Amino acid sequence: MEMTKVKLSALFIALIPLLGSPVIHAETTAAPVLENRAAQGDITTPGGARRLTGDQTEALRASLINKPAKNVILLIGDGMGDSEITAARNYAEGAGGFFKGIDALPLTGQYTHYSLDKKTGKPDYVTDSAASATAWTSGVKTYNGALGVDIHENAHQTILELAKAAGLATGNVSTAELQDATPRRWWRM
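Sequence positions in the sequence shown follow mature numbering (1 follows the signal peptide of the UniProt record, and there is no 0) and run -26 to -1, 1 to 163.
Please note that the accuracy of each hint is not assured.
[To be verified] Simulated pairs of lysine-lysine, DSS-like, Cα-Cα distance not exceeding 30 Å: (1) K41 to K74; (2) K138 to K44; (3) K138 to K41; (4) K74 to K44.
Note that these hints are calculated values from the structure, not bench results.
All values derive from a computational prediction rather than experimental measurement.
Can you build the whole structure from these sequences, using the hints too?
The following block contains the structure:
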């Protein structure tokens, strides 16, 4: 009984800031984000990011020959996948909508989202931030909880470490705490 009182008290305290918040209701609120959420554009074709068909490797390689990249920016939306972007796009722009920023990028990419079982090396379909960050910073899949090593505990360099060794300037900007696995993977202690 005492624990229930503590839980209810904590819940009440957590909800206090909401008491002063305005109520948003689609039928009575004239907020711009809610006014025009009907389908936009041609809803008979997939909206959102431009989808290219076929292997684009050769076309990309040809466009880069003798033109090294001036800068490379890798933007990680931690925990943000296609389903989260699509939900936000549908909410803000309606079905068939288009984000002027992320949907207009010339190149985006994805990788398979699984870690490996440390003992068997087989896919573990529920990955954590450490294994995921290791995969996209070094190209090596690992087990959950591992940061910067493969399933055999061999260390692997990040793309930032390789760039720095090649004399390039590097950086890491994060809105998360730097000891979180996603930003933490960029440097060694």
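Verification of the supplied hints:
With a CA separation close to 27 Å, the supplied pair K41 and K74 stays within the 30 Å bound. The straight-line distance between the Cα atoms of K138 and K44 is roughly 15 Å, inside the 30 Å bound, and the hint therefore holds. A C-alpha spacing of about 20 Å is found between K138 and K41, which places the hinted pair at or below 30 Å, so the restraint holds. Using a Cα cut-off of 30 Å, the hinted pair K74 and K44 holds, with the two alpha carbons roughly 23 Å apart.
Violated hints for the displayed structure: none, as all numbered hints are satisfied.
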